[in-house]
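Colleague: Chains X and R, in that order, are what the protein sequence lines are. Using this note's numbering, the letters of the first sequence map in sequence onto residues 1 to 248. Using this note's numbering, the letters of the second sequence map in sequence onto residues 1 to 248.
Simulated from the structure, these hints should not be mistaken for lab results. Wrong hints could be hidden among the right ones.
Which copy? The list can't say, so a pair holds if one copy fits it or any two copies do.
In the BS3-like style, the derived pairs of lysine-lysine whose C-alpha atoms are separated by at most 25 Å in a straight line are [said to hold, decoys possible]:
(1) Lys104 - Lys199
(2) Lys165 - Lys233
(3) Lys165 - Lys179
(4) Lys104 - Lys122
(5) Lys199 - Lys165
(6) Lys196 - Lys179
(7) Lys165 - Lys104
(8) Lys165 - Lys141
(9) Lys165 - Lys196
(10) Lys196 - Lys152
Number of protein chains: 2
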Amino acid sequence: MEKNSKVGSYNFVAEPFHVDFTGRLTLSVLGNHLLNCAGFHAADCGFGIAFLNENRYTWVLSRLAIELEDIPRQYEAFSIETWVENVYRLFTDRNFALVNKEGKEVGYARSVWAMINMETRKLADLLTLHSSSIVNYVCDKECPIAKPGRIKVDKGAHVLDYQTKYSDIDINGHVNSIKYIEHILDLFSIETFREKRIKRFEMAYVAESYYGDTLSFYLQEESEDQFDIEIRKGAGEVVCRSKVIFTR
Amino acid sequence: MEKNSKVGSYNFVAEPFHVDFTGRLTLSVLGNHLLNCAGFHAADCGFGIAFLNENRYTWVLSRLAIELEDIPRQYEAFSIETWVENVYRLFTDRNFALVNKEGKEVGYARSVWAMINMETRKLADLLTLHSSSIVNYVCDKECPIAKPGRIKVDKGAHVLDYQTKYSDIDINGHVNSIKYIEHILDLFSIETFREKRIKRFEMAYVAESYYGDTLSFYLQEESEDQFDIEIRKGAGEVVCRSKVIFTR
Numbered sequence: 001m002e003k004n005s006k007v008g009s010y011n012f013v014a015e016p017f018h019v020d021f022t023g024r025l026t027l028s029v030l031g032n033h034l035l036n037c038a039g040f041h042a043a044d045c046g047f048g049i050a051f052l053n054e055n056r057y058t059w060v061l062s063r064l065a066i067e068l069e070d071i072p073r074q075y076e077a078f079s080i081e082t083w084v085e086n087v088y089r090l091f092t093d094r095n096f097a098l099v100n101k102e103g104k105e106v107g108y109a110r111s112v113w114a115m116i117n118m119e120t121r122k123l124a125d126l127l128t129l130h131s132s133s134i135v136n137y138v139c140d141k142e143c144p145i146a147k148p149g150r151i152k153v154d155k156g157a158h159v160l161d162y163q164t165k166y167s168d169i170d171i172n173g174h175v176n177s178i179k180y181i182e183h184i185l186d187l188f189s190i191e192t193f194r195e196k197r198i199k200r201f202e203m204a205y206v207a208e209s210y211y212g213d214t215l216s217f218y219l220q221e222e223s224e225d226q227f228d229i230e231i232r233k234g235a236g237e238v239v240c241r242s243k244v245i246f247t248r
Numbered sequence: 001m002e003k004n005s006k007v008g009s010y011n012f013v014a015e016p017f018h019v020d021f022t023g024r025l026t027l028s029v030l031g032n033h034l035l036n037c038a039g040f041h042a043a044d045c046g047f048g049i050a051f052l053n054e055n056r057y058t059w060v061l062s063r064l065a066i067e068l069e070d071i072p073r074q075y076e077a078f079s080i081e082t083w084v085e086n087v088y089r090l091f092t093d094r095n096f097a098l099v100n101k102e103g104k105e106v107g108y109a110r111s112v113w114a115m116i117n118m119e120t121r122k123l124a125d126l127l128t129l130h131s132s133s134i135v136n137y138v139c140d141k142e143c144p145i146a147k148p149g150r151i152k153v154d155k156g157a158h159v160l161d162y163q164t165k166y167s168d169i170d171i172n173g174h175v176n177s178i179k180y181i182e183h184i185l186d187l188f189s190i191e192t193f194r195e196k197r198i199k200r201f202e203m204a205y206v207a208e209s210y211y212g213d214t215l216s217f218y219l220q221e222e223s224e225d226q227f228d229i230e231i232r233k234g235a236g237e238v239v240c241r242s243k244v245i246f247t248r
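Please construct the entire structure, taking both the sequences and the accompanying hints into account.
Modeller: Listed below in structure tokens is the structure:
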């Protein structure tokens, strides 16, 4: 992309091992691309993770919502656009558009990020970053999907216990944000994905989990096509919550 | 890459969600890149999967061996070179070099492929492909690692049963070649990867497995740093075998 542009745009191709049995790009791979694009664009704008790390700060993903009209098929080219919608003192909203090979926007995503001090793990003031230059990147490009909502799982059935493994753990020693998505989608049978596709998907990242933790998955069916999921660890501490809305 | 070159070269960056807790590119992601490069180069040479599919044929991966002196760290650029070493009637050998950001070859891989008829699943004659033009791409670039060897697991301990899930399944309805690598590495504790790194890794793909199959993992410790693994399904049919050699 052009350096310092308010909208970053990055090109991809749907690789063979990144599509599911229907030939569509998996949501966990799309999530990975979205988070990478967030990183690329933040770096291009001067507030990437490398710059933050130098000052002992880092970005933490708090919320992610993805809504799709369509999704790339195997070998199809697509691009992801990303821009900053809002900067508050403690959080910033970054949005995304998924652009198909014909140049049509076929999906959108919203994310909410905080900056934390790597030692204290406390939230830092975004408006002091680069003398608040981050606000210069705020952009009014439209993102026509709802903001991440509140997810409440109080009647969920305990459907799975999963002990985290080597491949779950990222460079920070945490279960990585993408692996949660993969484990959540694996709660559903392949028949579900044969009959339906995901229309909207939300993640709320609440607490970190670590190697060897046993994650307990609670699934609450809100309707035939809508499910809320909560992942807990230990004595019941919430790790993350998710909402999955299918369409036929 | 330059079209029709005997050595294809493709550039990558080690993405944050593609490195493990030590910050090194995971072997499953490297395997994914290798197989993609095989596909890119085959397509550039005119015998890619799209061309084969038109004629109701497809490529099938039979063996993969990877040997590494070093592996890219998070955010590091690297490239993968690939070329055809041999073409026999029923198999072809394709090799790879992993080139680090300084341009040094720090790892190699060897792969063995067959072409099958998509209806009969029978092996096809590679020398009839494009009037045997595939042999024009044979290249004598050196690949200084041993060929994939025979792996025998006859005293393996039954260490895991795993039921395949949505995220394991590729567009052909099979457990994908990369997911086996991920599940095999997950047999080892994180302490193993803290003390050692993988020096050599081999896969022999024997039979396909499908959604809902229960895969049984058998682990045989050949020495402190060398393990042979066999994955079986059903009544004991072998799905694949693997050899993992660690170094300190």
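Colleague: Could you run down the list of hints and mark each one as holding or not?
Modeller: Verification of the hints:
1. In this assembly of identical chains, Lys104 and Lys199 lie within 25 Å of each other by CA distance solely inside one copy; the values are 17 Å within and 45 Å between copies.
2. Proximity of Lys165 and Lys233 under a CA criterion of 25 Å is satisfied in both settings, with 14 Å inside one chain copy and 22 Å between copies.
3. Taking CA atoms no more than 25 Å apart as the test, Lys165 paired with Lys179 passes in both settings, with 11 Å inside one copy and 14 Å between copies.
4. In the homo-oligomer, the alpha carbons of Lys104 and Lys122 never lie at most 25 Å apart, since the shortest distance is 40 Å inside one protomer and 41 Å across protomers.
5. When the C-alpha separation of Lys199 and Lys165 is checked against a cutoff of 25 Å, the pair qualifies only between copies, where the shortest distance is 21 Å, while the shortest distance within a copy is 29 Å.
6. Taking CA atoms no more than 25 Å apart as the test, Lys196 paired with Lys179 passes in both settings, with 22 Å inside one copy and 24 Å between copies.
7. Taking the shortest Cα distances, Lys165 and Lys104 never come within 25 Å of each other, neither inside one copy (39 Å) nor across copies (32 Å).
8. Taking the shortest alpha-carbon separations for Lys165 and Lys141, neither the intra-copy value of 40 Å nor the inter-copy value of 38 Å comes in at or below 25 Å.
9. Taking the closest pair of Cα atoms, Lys165 and Lys196 come within 25 Å of each other only across two copies (17 Å); inside a single copy the shortest separation is 30 Å, beyond that limit.
10. Taking the shortest alpha-carbon separations for Lys196 and Lys152, only the intra-copy value of 24 Å comes in at or below 25 Å, while the best inter-copy value is 43 Å.
The structure fails to meet hints 4, 7, 8 from the earlier list, while all remaining hints are met.
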